[in-house]
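From first to last, the protein sequence lines are chains A and B.
When you line the first sequence up against this note's numbering, it's residues 1 to 230, in that order.
When you line the second sequence up against this note's numbering, it's residues 1 to 288, in that order.
No lab work stands behind these hints, which were simulated from the structure alone.
Don't be surprised by glycine CBs; every beta carbon is placed ideally from N, CA and C.
Treat the hints with care, since some could be wrong.
Among chain B residues calculated to face chain A with C-beta under 8 Å, some are [said to hold, decoys possible]:
{"id": "1", "residue": "Gly137"}
{"id": "2", "residue": "Asp139"}
{"id": "3", "residue": "Gly142"}
{"id": "4", "residue": "Leu164"}
{"id": "5", "residue": "Leu168"}
{"id": "6", "residue": "Lys170"}
Pairwise CB distance ranges (calculated) [said to hold, decoys possible]:
{"id": "7", "chain 1": "A", "residue 1": "Arg174", "chain 2": "B", "residue 2": "Asn224", "range": "55 to 61 Å"}
{"id": "8", "chain 1": "B", "residue 1": "Lys132", "chain 2": "A", "residue 2": "Gly126", "range": "26 to 32 Å"}
{"id": "9", "chain 1": "B", "residue 1": "Gly56", "chain 2": "A", "residue 2": "Leu220", "range": "46 to 52 Å"}
{"id": "10", "chain 1": "B", "residue 1": "Ala116", "chain 2": "A", "residue 2": "Lys72", "range": "25 to 31 Å"}
{"id": "11", "chain 1": "B", "residue 1": "Lys192", "chain 2": "A", "residue 2": "His203", "range": "56 to 62 Å"}
Simulated crosslink set (BS3-like; lysine-lysine; CA at most 25 Å straight-line) [said to hold, decoys possible]:
{"id": "12", "chain 1": "B", "residue 1": "Lys115", "chain 2": "A", "residue 2": "Lys163"}
{"id": "13", "chain 1": "A", "residue 1": "Lys184", "chain 2": "B", "residue 2": "Lys176"}
{"id": "14", "chain 1": "A", "residue 1": "Lys163", "chain 2": "B", "residue 2": "Lys11"}
{"id": "15", "chain 1": "A", "residue 1": "Lys46", "chain 2": "A", "residue 2": "Lys80"}
{"id": "16", "chain 1": "B", "residue 1": "Lys132", "chain 2": "A", "residue 2": "Lys193"}
{"id": "17", "chain 1": "B", "residue 1": "Lys11", "chain 2": "B", "residue 2": "Lys67"}
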Amino acid sequence: MIISEQKPLPEIVKSLEGEQNIFIVGCKGCAEACHTGGETEVQEMKAKLEEEGKKIVGCTVADFLCDKALVKFSLKAHEKEINDADSILVMTCGIGVQATAKVVDKIVHPACNTINTGGARGEWRGEERCFECGECLLDYTGGICPLTACTKSLINGPCGGAKNGMCEFEPETRDCGWHLIYEKLKKLGQLDKMSIIISPKDHSKMRPPADMRKTILWALEREEEEVATK
Amino acid sequence: MNIANLAKDGKFVITAEVGPPKGVDIKEMLDDAELMRGRVDAINVTDQQSSVMRLGSLAVCRLLKEKGLEPVFQMTCRDRNRIALQSDLLSAYVLGIENVLSLTGDFVALGDHPKAKGVFDLDSVSLLLAAKELEQGRDLSGNELKGSPSFCLGAVVTPGAEPLEPQLIKMEKKVKAGAQFFQTQAVYEPEKFEMFMKAVQHLNVPVLVGIVMLRSAAMARFMNRNVAGVHVPDSLIEEMDQAKNRTQKSIEIAARLINEMKPLCQGAHIMAIGWEKRVPEVLDAAGL
């Protein structure tokens, strides 16, 4: 289970600046359980954004956005609306946002921050990873996480170590995360996002919150883990 | 001596670098620095270069300062978090060190302590922001300082990067964050460098072109294969290959590159990487 919380509405609205037609994606997995991106929250978000003067061209709540096949199925059914949209608002964990960005060439905005649960990764069978950093940056980076895609977790652009789009650390196998971000932003016509100076991360948000360790879910997962190791 | 001011006054600024030793025997390094006295405007002191654990940059900067040589304190974001970086900036100031160069730092796995934790809490942009905050009398958390430092802040750029655009975007961010001068990665192609300088003209910031002395054709080929953003053209490799006296040839090429690029930029930064003793000969050959 991946814990997420919704970003403050003003932050979400600001990220949609200059975009009129929005498609909303939720998830019936963890996001529904967290009340951040289930059917109810997607409808609530639709209403809030309409109040802000946005046109919601469609929405869908996927079964599990971290399942590659399911992402494609649930978005394929809405191909037309998605094509009409200026951007997609994804109300899930960082994996769901990256999964959506991976399968559609549209601007993707995260509506949630993913809270650290100490390394849970969802079911995603792909190279995208969510750092569970608690202040999602995917809005600035074309839906590709700089914390996990860049070897050094740099948030303000590439270092000088990329050659032919590959990272100097493992030049045969590892892409330069910032090269991927640059190419994606260029494709989306959003290169200006790369010029924004991102403040240093708040690392206190990367620790699992103390109150989370007291929940039933946490206890259940611990128990599952113990059973699994036996 | 403030590098940015020197460049503003129209001087073609010359910097070179020394690498602190792995250990505490500093005689050779100080001898190398001594040879540069009066020949260069400032000497960069590298910070755990190539992620290899060595004597620290800050201590060596102070030693140079005591000898009346002007240091450039290189700071990478690899080994220290924002608390240590800010603290070292304050330390540098009270030790009389003015020029600071902000770098990301190589990845830890490429050095001699591959099991170490890479920090990268700040990056080369936010380290500049941190220094600017300190200058304003505040730290990164907004706490007030008792007395504020002032610096001449520098940064780096790779003019030969492909694609170049991400480098340019980041360079602009560095200027916005407070960079007052730039030292570049090694350049061997003046034509490409000219295009780069045109692309950054609007930033109106002094650029010191990076010169790495070629020691052999093999070294050039190695760099072409392995070093990001560095390309040695075949003509230079051939020249090195056919040279009877490689050292002389290396000096001649470095001097030629400096003179070819001198009209394009505001200075040169010579990285001798082990050949520090030859730096004065390069400057002689370049007529500087």
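Hint check:
no., hint, in the structure
1, Gly137, "violated (19 Å)"
2, Asp139, "violated (12 Å)"
3, Gly142, "violated (12 Å)"
4, Leu164, "violated (11 Å)"
5, Leu168, "violated (10 Å)"
6, Lys170, "holds (4 Å)"
7, A:Arg174 with B:Asn224: 55 to 61 Å, "violated (20 Å)"
8, B:Lys132 with A:Gly126: 26 to 32 Å, "violated (39 Å)"
9, B:Gly56 with A:Leu220: 46 to 52 Å, "holds (49 Å)"
10, B:Ala116 with A:Lys72: 25 to 31 Å, "violated (41 Å)"
11, B:Lys192 with A:His203: 56 to 62 Å, "violated (40 Å)"
12, B:Lys115 with A:Lys163, "holds (24 Å)"
13, A:Lys184 with B:Lys176, "holds (24 Å)"
14, A:Lys163 with B:Lys11, "violated (34 Å)"
15, A:Lys46 with A:Lys80, "holds (18 Å)"
16, B:Lys132 with A:Lys193, "holds (23 Å)"
17, B:Lys11 with B:Lys67, "holds (23 Å)"
In this structure, the earlier hints numbered 1, 2, 3, 4, 5, 7, 8, 10, 11 and 14 are contradicted, and the remaining ones agree with it.
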